[in-house]
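Letter 92 of the sequence shown, counting from 1, is numbered 92 in my numbering, and no numbers are missing.
Since the hints were derived computationally from the structure, they do not count as laboratory data. Fair warning: there could be bad hints in the mix.
So the derived label-pair ranges between C-beta atoms look like this [stated by the list, open to error]: (1) Q29 <-> K80: 50 to 58 Å; (2) H8 <-> V78: 35 to 43 Å; (3) R32 <-> L79: 50 to 58 Å; (4) K80 <-> E15: 43 to 51 Å; (5) P38 <-> I85: 49 to 57 Å; (6) E22 <-> E82: 36 to 44 Å; (7) R74 <-> Q96: 28 to 36 Å; (8) Q29 <-> E82: 54 to 62 Å; (9) R73 <-> P38: 17 to 25 Å; (10) R32 <-> E67: 31 to 39 Å; (11) S2 <-> E75: 35 to 43 Å.
Calculated cross-link-like contacts (lysine-lysine; reagent style DSS-like; alpha-carbon spacing at most 30 Å) [as the list claims (entries may be wrong)]: (12) K23 <-> K63; (13) K45 <-> K80; (14) K63 <-> K45; (15) K23 <-> K13; (16) K95 <-> K80; (17) K13 <-> K45; (18) K63 <-> K87; (19) K13 <-> K63.
Being a predicted model, the structure only gives us computed values, none of them experimental. Positions of the beta carbon are idealized from the N, C-alpha and C atoms, including for glycine.
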Amino acid sequence: MSTIRRTHTRAFKIEAVRLITEKGLGVAQAARDLGIHPTLLTRWKRELSRDDAHAFPGTGRLKPLEEEVRQLRRENLVLKQEREILKKAAAFFAKQSR
Numbered sequence: 001m002s003t004i005r006r007t008h009t010r011a012f013k014i015e016a017v018r019l020i021t022e023k024g025l026g027v028a029q030a031a032r033d034l035g036i037h038p039t040l041l042t043r044w045k046r047e048l049s050r051d052d053a054h055a056f057p058g059t060g061r062l063k064p065l066e067e068e069v070r071q072l073r074r075e076n077l078v079l080k081q082e083r084e085i086l087k088k089a090a091a092f093f094a095k096q097s098r
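Using the sequences and the hints, build the whole thing.
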């Protein structure tokens with residue numbers, strides 16, 4: 001029997017966290033009222049407190065810093081490949097000139 005994975009919008013997550021931070025509702029009670037696991041609500045709270053502007057970026061989206069790291073790693077890989085090609089070409093032409 002498979003379970004369906006529920007998804008929640010960014011607005012829902014922010015409102016859920018607001019229930020426990022501003023309204024003073026306990027994590028367990030708020031989670032019960034919303035029909036989610038208390039651990040999930042605690043994780044949302046932690047994520048929102050770390051970086052509220054970039055919290056919950058959505059499916060397929062990365063935070064700006066993570067996107068930059070991903071792009072730099074990709075660029076680094078290309079540069080390493082180009083360097084290896086140039087090394088092989090230099091060795092080939094050095095052999096040819098003898």
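The hint says 50 to 58 Å between Q29 and K80; measuring C-beta to C-beta, is that right?
holds (53 Å)
Pair hint K63 and K45, alpha-carbon separation not exceeding 30 Å:
holds (17 Å)
Holds or violated: the 35 to 43 Å window for the beta-carbon distance between S2 and E75?
holds (40 Å)
Would the pair K23 and K13 pass a check requiring their Cα atoms to be no farther apart than 30 Å?
holds (15 Å)
Hinted pair K45 and K80, Cα distance within 30 Å:
Roughly 41 Å separates the two Cα atoms, so the pair is violated.
Against the range 35 to 43 Å, how does the distance between the Cβ atoms of H8 and V78 compare: consistent or not?
The hint (35 to 43 Å, Cβ to Cβ) holds, given that H8 and V78 are roughly 37 Å apart.
May I ask you to test the hint 17 to 25 Å on the CB atoms belonging to R73 and P38?
violated (36 Å)
Holds or violated: K23 with K63, Cα cutoff 30 Å?
holds (29 Å)
Should the hint that R32 and E67 are 31 to 39 Å apart at their CB atoms be regarded as holding?
Once the Cβ atoms are compared, 36 Å apart, the range 31 to 39 Å for E67 and R32 holds.
So the hint says 49 to 57 Å: do the beta-carbon atoms of P38 and I85 match that?
Check passed, 54 Å falls within 49 to 57 Å.
Tell me if the beta carbons of R74 and Q96 are separated by a distance inside 28 to 36 Å.
Holds, at about 33 Å.
With the threshold set at 30 Å, check whether the alpha-carbon distance from K63 to K87 stays at or below it.
Status violated; Cα separation ~36 Å.
Consistency note: the structure conflicts with the earlier hints numbered 6, 9, 13 and 18.
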